[in-house]
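Top to bottom, those sequences are chains P and Z. By my numbering, the letter at position 10 of the first sequence is numbered 1156, and the numbering carries on one by one without gaps. By my numbering, the letter at position 253 of the second sequence is numbered 338, and the numbering carries on one by one without gaps.
I should point out that these hints are in silico values taken from the structure, not numbers from a laboratory. Note that CB positions come from ideal geometry on N, CA and C, so glycine has one too. Treat each hint with caution, since some may be false.
[Stated by the list, open to error] Here are a few chain Z residues that face chain P, going by a calculated C-beta distance under 8 Å: (1) L102; (2) V110; (3) E276; (4) K324; (5) V346; (6) P349.
[Unchecked claim] Derived Cβ-Cβ restraints for the label pairs, each shown as a range: (7) P:D1155 to Z:R150: 46 to 52 Å; (8) P:E1323 to Z:A204: 39 to 45 Å; (9) P:D1155 to Z:D551: 52 to 58 Å; (10) Z:D551 to P:F1406: 53 to 59 Å; (11) P:S1266 to Z:A505: 35 to 41 Å.
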Amino acid sequence: MNQGVLFFDIAAIGYIVAFLGLLVARVIDRRWLRTAGTWLFATAFVAQSVGLCLRGIALGAFPVTNTYESLVFYGWVFALGFLALVCAGVLHGRIREGVGIGVGLLVAVTMALAGSPLRSPEIVPLVPALRSHWLALHVSLVFVGEGFFTVAFAAGVIYLVAARSGKRKDDEDDLLERLDELIYRSIAIGFPFFTLGGLFFGAIWAKHAWGRYWGWDPKETFMLVTWLVYVLFLHLRVRRGWRGRRVAWIAVVGFLLALFTFAGVNYLVRGLHSYV
Amino acid sequence: MRFGRATKRLLGFLGSLRLATLLLVLLTLACILGGVIPQSSVTPNADLLYRSYGIFWYRLITRLRLDDVFHSLWLLSLTGLFALNLLLCTSRRARGKIARVFRAPGFRALSETDSRTIAIPFADPTPSAFEHLDRVVRRAGYHRVVRREFADGRAQLIARRWPWGALGADVVHLGILVILAGALLGVFREEGTVRVDESERGLLLPACAEQDRGADCLPFDLLVDDFGVETYGETGQAKDYWAAIAAWQGDRLLEEARISVNRPTTIRGVGLYVWRYGAEPGAALVRLHVVDPVRSIVTAEVELRVGETLPVPGAQLWVSVVQFYRTFSLDEEGNPVDLGDVPGGHSAVLLQVSGLDATGEGVAYRDLALPFLPETTTQPEVAFLLVDAQVPAFIDLHFARNPGYPVFWWGFVLVMAGLAVALYVRPSTVRITIEPERLLLRAEGRGGSRRADRLAADLATLFQQDLLTEAEE
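The following block holds chain P by itself, in its conformation from the complex (with noise of 0.2 Å):
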């Protein structure tokens, strides 16, 4: 049984394609092909939505209890975040361009890790302690918290390089100030999301089944610490007005504490997450 695999291979290939597609518009600035790009970009959201809505079925659970459903809604949800931001009409134009390669690249290893021979595809019956409507709820808000931090962590690569070249032009300046919002408001948007999810559900769940909200446990503590790190971002952008190079760094250490925290932390501490 390995339902859904199809459309994940489909839209695999759908965000190679769209990166490589952005990344050409960004080198020959042709509009069309950015359009293209994110049109297809799109399609193959819509196509691992599908995937991953067959495989919910086949599981009779939410699709993220073993690591290849994991990275693939991982993947799903860094998507997400790009086009919501999109429609919103908070990217536009080199901004929309440069974040969808980002998060496409990002989405494409994402995937391409998730379809490599080590990650099994094959839908495995859920272990008892998985079993619990608060599988979906953790998970899916941890992920959709993650999908912001993914674009705050590709407008804050992004910032870092532009950045990097002494003078700049008044536009490149504008680029820079429009990239520091986008920072913020990705954080800022994904930041309750993160800990409603991550860390209340969490620890909600963490009650139902083992009697205690809190036992820091590897996966737990790193999740405290990856929140922390994010509470710092709010403060020192908010309170102490911190803006630029500074700020982007923090966004790009939180989100590689984050993704250490769903990927490393499995393989490098054993605890009681350690589920393959």
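Once you've looked at the hints, dock chain Z against the given chain P.
Same frame as chain P, now just chain Z:
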């Protein structure tokens, strides 16, 4: 309360953003250390692990309590300081903010030279202007409109939208303080684990009986009527572990419940959870065939538990079961290991046989024609074959009573409500000065000057539309 200058400065520092930033960085680093270094409270034999890092690291880890970061005094002190910082910061800021929410905003003169002020031509007298403006600002979602007319003929209208939105961050702080208070109350928690094996099915475990199991007392007698595992039909894989329990107080039944993983119950404030389910190879009951290796016939049958020693019928020998392996295997160094329940694996027992002048030890397999032949010299040779083994199942029930739990809930609610307000609700104030022949309009609020200018422009457009509609009517 009056404080001296030094005390004020100290309180100012303790409630400052600078200290908050420093503490957030330190707490983050402490959590990283605690997440990376194996904690002695979680990892068995962590002490041996630190020794393997070398003497320098071993000393550093143990002296700084990095082996148990989350219970160390230094981390608790940092957390305490963080709570104090939050408390002082919130109390200082919230007082002024609450006053501003409930108090009418002060009037301020607007100047045309200010780039953020929008001028709109308008010729109506003040009462009519107020009427228009009132309508427009209310339509734009503004409330608490304040009007004031000055002696020189000018007038000002001030309207606010979501002024309570300024309190969001303070509500988050309050929520975190409540969560920390809940954690503090957790000091008074009672928790423990009761292991019930198959032989105890249907037995009433009296209150506090679990003390000799290394757990705290339950405030009631517990009857574990039955327990088991639910499996997926097609694969046989475990789907859920469950236990049918009943709580008794003397002769009175308090509650009956069926609990399983993720579906606990609470009786008299005590949460009961299915913690673990498994088999206990250490309590296995094994059946051995005693075989005459020369004639290949079974001469006797012995049934004994792991750890038991019994005489072998028809031979002056004693046999004891040292260990039972659900799936027998050998590790890299040739030592026997139990791989657990592996489909297709062979179970085995490690036997020790003693005679009058010799002792032998070896492995007898199940389902394999490899009988264990002890090397006793003075006795007639016998061989052993493992025929059957019953491994008793057990279930671990965890119980916990923590007075901090209800407090956590309120903390969660406050933090989430505060975050939603702090990040998504943007309070704004608009001031409109009515001058002869024109209006001056300026907006202020969270979200930066760009957003304030957009708000002011939107209002100006709305106002002009209102004028047009009125003219058409």
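Comparing the hints with the structure gives:
1. L102: OK, holds: L102 (chain Z) within 8 Å of chain P, min 5 Å.
2. V110: Hint holds; V110 (chain Z) Cβ to chain P Cβ min 7 Å, cut 8 Å.
3. E276: holds, 7 Å
4. K324: Since chain P brings a Cβ to about 7 Å from K324 (chain Z), closer than 8 Å, the hint holds.
5. V346: With a minimum Cβ separation of about 4 Å from chain P (threshold 8 Å), the hint on V346 (chain Z) holds.
6. P349: The hint holds - P349 (chain Z) has a Cβ within 8 Å of chain P, the shortest such distance being about 6 Å.
7. P:D1155 to Z:R150: 46 to 52 Å: holds, 51 Å
8. P:E1323 to Z:A204: 39 to 45 Å: The hinted range 39 to 45 Å is violated for E1323 (chain P) and A204 (chain Z), with Cβ atoms some 27 Å apart.
9. P:D1155 to Z:D551: 52 to 58 Å: holds, 57 Å
10. Z:D551 to P:F1406: 53 to 59 Å: holds, 55 Å
11. P:S1266 to Z:A505: 35 to 41 Å: holds, 40 Å
Taken one by one, the earlier hints fail for this structure only at number 8.
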